[in-house]
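J.: Each chain, letter by letter, is given below.
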Amino acid sequence: MAVEPKEYNLDREITWCPGCGNFAIMDTLKRTLAGLGLSPHQVLIVAGIGQAGKMGQHMKANTLHVLHGRLLPVATGAGLVNNRLKVLAIGGDGDGYAEGGNHLIHAARRNIDVTYMVHNNMIYGLTKGQASPTSTKSIKTPTTPQGNPLEGLNPITLLLGLKASFVARSFAGDKEQLRAILEKAIQKPGFAFIDILQQCPSFNKVNTFKWFKERVYDINEAGHDPSDLKEAFRVALEWGDRIPTGIFYEDPEPRPVFREAVLGGEDKPVTTSEINPLDITEIMEEHL
Amino acid sequence: MADHDYSVKVGGEAGQGINTIASILSRSFADQGLHLFAYQDYYSRVRGGHNFYQVRTATYPVYTFSDNLEVLVALDKASLDLHAGELNPGGVIIYDKALEVETPGDNALPLPMAALGKKHGGKEVMGNSVAAGAAWQVMDGDQTILEQTLGRLFQKKGSAVAEANLKAARAGADYARDNFTGSCKCRLQKTSDKKSLVLTGNEALALGSLAAGCRFISSYPMTPASGVMQYMARQTRRLPLAYEQAEDEIAAINMSIGAANAGARAMVATSGGGFSLMVEGLSLAGMNETPLVIVLGQRPGPATGMATRTEQGDLLFALHAGSGEFPRAIFAPRTAEEAFWTAADAFNIAERYQVPVFVMSDQHLADAYYTVEPFKLNKVVIDRGQVITDNELSQMETYNRYKITESGISPRAFMGQGEKCVMVPGNEHNESGYSTEDPVVRTRMQDKRMRKHKAMAKEVKAPDSYGANNPDTILLTWGSSYGACREAVDRANRQGEKWQVVSFPQLWPFPAKEAMALTGKAERVISVEMNSTGQLGRLLRLETGRQPDLAVLKYDGRPMNATYVLNQIENGGVFPWQ
Ligand SMILES: Cc1ncc(C[n+]2csc(CCOP(=O)(O)OP(=O)(O)O)c2C)c(N)n1
Ligand SMILES: [Mg+2]
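From first to last, the protein sequence lines are chains A and B. Take the numbering used here: the final residue in the first sequence is number 522, and no numbers are missing along the way. Take the numbering used here: the final residue in the second sequence is number 1528, and no numbers are missing along the way.
Bound-form chain B, shown alone (with noise of 0.2 Å):
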């Protein structure tokens, strides 16, 4: 069977009710064994606007949105204004009948929404559930995947609503199937009966934690982290697992170091304005040797920016933030089933090294959709470093938390362990945790920590590599525009070009052995970023002595995909490091 990959843009305003049509479909291409990718576009607000979502489902894996759809479902008139350009020639509209606009076109289906909502499902609401039948039935989909998938999503609501959606469905496709005269050039196949789950960044990183072991939680709601915090809080009646919203970052943030402290594997996650209000607390784990996760949802900024928009901005932010000097670890996962494992690792590191540890995403890795097959989970390995028994601890005379050793690393021993206290400082100090401002012993210490610094690099993630053997082009990327990059190369080596995305799973300690081994030989670097300033390009010159020698940038707060790369290159891109 011959490949195939198909878009669906549903949109209309806030509170419509896209979100629901897109999660029936979305799950349904999922249950027939479909890959996924599907992404919202919304505004800050609660009610009105235009928002959208779109849907991409293909026969292989896909990590981006396509610029062209093949179908459109349309809740309000915005919807028709502005997306109806985005079709594919044969590409279908199905539009609400209420509303009262001209005919667009041939192929297109006026689906009286409500009333069939109404007339069968019993409510108006019920008229999402009946555009998802008509956009099922056009493009050929399975109707008892659809069925299932609908019980399934609605069972939680009770048996009479899941019921009631069904037969709305149904009155949807019915009616899809006597009414609509075009044509739509989707079969959408079957592919394969394994499940595989649907998630979005943000929850992948949430049950990527969960499975890390973590007990300890504490944030303040900021988009596009919130999905984060609100994911572990619905999980603590079934954990043993402890969740509190502070009264705002610094809190939260401080909170978490008593919990690690204390003994737990802690985090906090939060995007650029809160992360700023964190930076003080996040320097104090820099002195007392805290292991901390921190999960930086990047959206725009500067200050509130844009709340529900993408952006790739603070990756300097967060290798530079905190006062004086002190290791840590930047991890940025490309895709969900990625942000999971580094989830699951990053507690690793940071109790590891004793350091705190960043997973950096972005609004477009956040929330978006992903197929993924069912994580291992008993391949998810938890390693608290150098612990201290309680047999040890009793044996000791005294406790030294700052001990220095020779990889930088000192056993730890939690508060209330045993009989030994134990001296947390925020002052330098010395090994058994006294303050003290002993020139000789402040550079020992110094140097002691920073020796972890070298010993995190010596396992330092290496960039990864895909496309062309011996490329003349490599775009430099990390983060979700890892994928816009995996397609623009695949374009380009299908029309004959030698190109290959290098893209950064960690990007502190930097792996600049690495880079430059992957990038040397390339005629072209263009680092491609969802900023205005080139980060990372910036980070590879300082590191590496090597400049890209041109940027494809982007930070107007919407995603980039392939065709966005590649006609940035074919103009000639930017140059953003004067």
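Same shape as in the complex, but just chain A (with noise of 0.2 Å):
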């Protein structure tokens, strides 16, 4: 039976200021997740907090909404308990590059089999404002009145140099595109990140809609083949006039999940709502 978007709608406020991309992301992962099939109670959405991880509070799913910055350790457990689940972690740049930075590294070399989507608006949002690890150089903020003194990190570089098994930018702006990339990562086996740059209309006046509009294009349709690391990291250094989205790497060979890693040719979830009493009298034997 087809699975219709609007399955993953919840009746409930949205608090998402207007014009904020946000609404653009959440509509084209709804549509995704429908048009492969996947009903909500087969997803499983470990969102952070800001205003991205309230994509945990509007999304008709399994949600675990948790603590800034630890989407991913949360995400790894559920997925390793349950391989039945889809698991996506979503959450903001200051979420995933401050709070949450070294659970990103540890969660790409793991290869954990969960779609990351950073909703990369530049600024912390929810908290009204403040600079983010992403944060252009000089903007002004209540936490950088006399200018951001840093450069923005560089979020693709960061994960191609832990060669993650999947590394791609979108725009809020371009849903197609958007679409395209997310029903890769979701059907990808393995950590999928996606870096979304996202208009913050209320508090980044820098990185606007028209600015990002103006810079983005698409480096595959520009003839980027994403088996190609080093092209990939050529690529990945462009910011500024023109900014490139798009796949910057795949794994070209499939390589083995964490799951497979940690509990062998395990196939089945390690629990259900029963469980059986392990035998351990061997091993308490091993103590005689």
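Do not take every clue at face value.
If you want the footprint, here are the derived chain B segments under chain A, 3+ residues with CB under 8 Å [claimed, not checked]:
no. : segment
1   : 1143–1151
2   : 1154–1162
3   : 1223–1234
4   : 1322–1331
5   : 1364–1378
Residues from chain B that face chain A, not an exhaustive set, calculated with beta carbons under 8 Å [unchecked claim]:
no. : residue
6   : ASN1204
7   : ASN1211
8   : TYR1384
Everything labelled a hint here was simulated from the structure, so no lab data went into it. Glycine is no exception: its CB is placed at the ideal position from the N, C-alpha and C atoms.
With the hints as a guide, dock the two chains, each given alone in a separate frame, to form the complex.
T.: See below:
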């Protein structure tokens, strides 16, 4: 039976500002999941804290709306235990690149079977406009009143450096590209990372919708081959008048996902609602 | 036959093999049907430093170490310098002949350990078995038992290795028989043929967790809790158990929270510093009502403190950790046997009340070896509490994870269990799990969560009393310090005193009524703890208004024993609660 995007609707007040990029991202995600034939109960959204993290409150699915920056460890544990769930991790740039930076490194290294969407508005939205790790140099925010002294972090080269199994960037203003990338990411076993550029009309007056729109271009359309890691680095270094989007890197050969590495060939969930006592007689008797 | 109670100390540098000698002797004592308490004292370094193992074996149960030794096995000069004075009159010293030292008295055996090891076992390291064989001979142990032990201990390394160790041990025994001119009072008895387990507190905790059906452990190594995670990690090849060494303790607890919500019994194991990093996750488990077991193996703090030493300084930290108010349970096993059952129960309490549960140990309990009768594994009960069946779930229109109930417990469904979505938030939320700031809902939710505390309090494990009836003096204690208190009370009562130990296998919810009933009539309540502020005494006052009269405290990182407790009381103790 076909799944309708509206099955993902939750009849609740949505708390984003008018014109927020999150609307387009959520709408595209619903369409993508429905298009893949996934029903809400087959999906687990592990969401961080922030406006982006509110996806864990605004969509119907299994949701673990957790602590600021801690979504990837939670997704790791849940996915290890129940591999029948399609696990998505969703959070902001502050959530993922500041508070959760260490977890990002290790999630990529483990190759957990999770699609990780970072809504990158280059600002802290929920807490009203402080600088984030991806904020533009010189931008004035309540916490950088003299202008941000630092260069923004480049999440794409970071993830390429970790040789994450799927590394992409998209833009909330290009729903078609976003959907195509999400579709691939969600179907791909292993860690799929997507940095999604997003306007924040309330707090980021520098990197606006128009600013992004004028700069983004699709690297795959321009001929980039995602199996070429070296070339991916070269392309990913670009930032300024032109901003590359698309799939930078994708493992040419499938590599083992984390669950296989931990549990061997075990295909079943580690547990269901019933647990049988484990027979530990043999282990105990080693102490005799 | 008369009871006996002997102690052997094996001292040397890290890496010299004192562990091997101590484990050969320990296992052999146990196989003669004797009880055992063996603890090690080691530095946080891989080579060098002076370390020792003290093995106590008696015809009756022992839960602490004694002051004096019958036998000292010295692999380095420091062992002679530091421990020769601990020998009882008539005690024996067996020391490495290769050490160039003056003969430490008449009752000593210089043993060419490495040389005999090389000659009879083929390698100098076989000197460890030579030493074990000599000590066993001197203590008049049953030779066949020693040989069985060696066979079992070294079997894993192949029969050639086992055979070589056997030959080395025989050579040690022969050498002692032919060359030891002194005398040893030890006559090791063979009290029973029943086999007992020899295991540490950490091993018992891990075994209990496995027995309880724990399917997920994520942790970051930190002494003295690493033993638990390593033990579990070893079992993943034969059990459907997922284990992950996280990037830090923050990740560890959050991984377990994810696993628990997906339906696994999940745990973490750490020490104080690592638990500090877990505090935010603990609070999340409080808010989203995730069942979780936290093994907290205490070492002295603050900060990195002393990695390989012992303390009981984190009780009030565990009790108060986490932002906001939420129910939790704190257990503190006193012996390895209790550690097993406590771990097994902890998962039931965690799941029945959907709360984080602490199992607190300390380095002394975590690393010490105890003899325990084999656990009756079929007595382990797995009670997952109110879990919604697949069928019930399918009949529901929607599933409310946080349904408000009289008990405060909302029946649980797991993510992916059926066709209903499960919403689990970290913000305050309504019954369905949707976040809210509504003051009425907030109050109802907080009340709902805290009702679980009341329910848990009704089935709290009561404090346990041991010693004289109608006591005038009560030693109040918890954790491994129980062993020292128990023996102190026995010794005092043999002198005609009326003393009792009141010890707490569970510290939260605090069993206030039971504590009052037990301590109310005593003239003197003395809190005995391995910390500098008397945390259990403080908790007693907080929860009952009864303040202990004095305290016996120790916080030098080294465990206490009965003599320490008695001496401190004799000297008036301390009063840390001003
Ligand atoms: C441990 C912790 N520290 C700080 C906060 C406050 N906080 C909430 S969201 C946020 C940053 C949000 O920025 P981002 O992650 O970029 O998400 P956005 O709102 O922009 O989507 C902060 C600092 C928190 N909730 N928890
Ligand atoms: Mg942001």
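J.: Would you check chain A against the segment 1223–1234 of chain B, counting CB to CB pairs closer than 8 Å, and say if three or more residues qualify?
T.: holds (count 3)
J.: Test coverage of the segment 1364–1378 of chain B by chain A using CB-CB distances below 8 Å; three residues minimum.
T.: holds (count 14)
J.: Do three or more residues of the segment 1154–1162 of chain B come closer than 8 Å to chain A, measuring C-beta to C-beta?
T.: Coverage by chain A holds for the segment 1154–1162 of chain B (3 residues, Cβ < 8 Å).
J.: Test coverage of the segment 1322–1331 of chain B by chain A using CB-CB distances below 8 Å; three residues minimum.
T.: Contact hint for the segment 1322–1331 of chain B vs chain A: holds, 4 residues under 8 Å.
J.: Examine the segment 1143–1151 of chain B: at least three residues should have C-beta closer than 8 Å to a C-beta of chain A.
T.: Contact hint for the segment 1143–1151 of chain B vs chain A: holds, 5 residues under 8 Å.
J.: Quick check on B:ASN1204 please, does its C-beta sit within 8 Å of some C-beta on chain A?
T.: Interface hint status for B:ASN1204: holds (4 Å vs cutoff 8 Å).
J.: Mind checking the CB of B:TYR1384 against every CB in chain A and telling me if the closest is under 8 Å?
T.: holds (6 Å)
J.: With a cut-off of 8 Å on the beta carbons, see whether B:ASN1211 makes it to chain A.
T.: holds (6 Å)
The structure meets every hint from the earlier list without exception.
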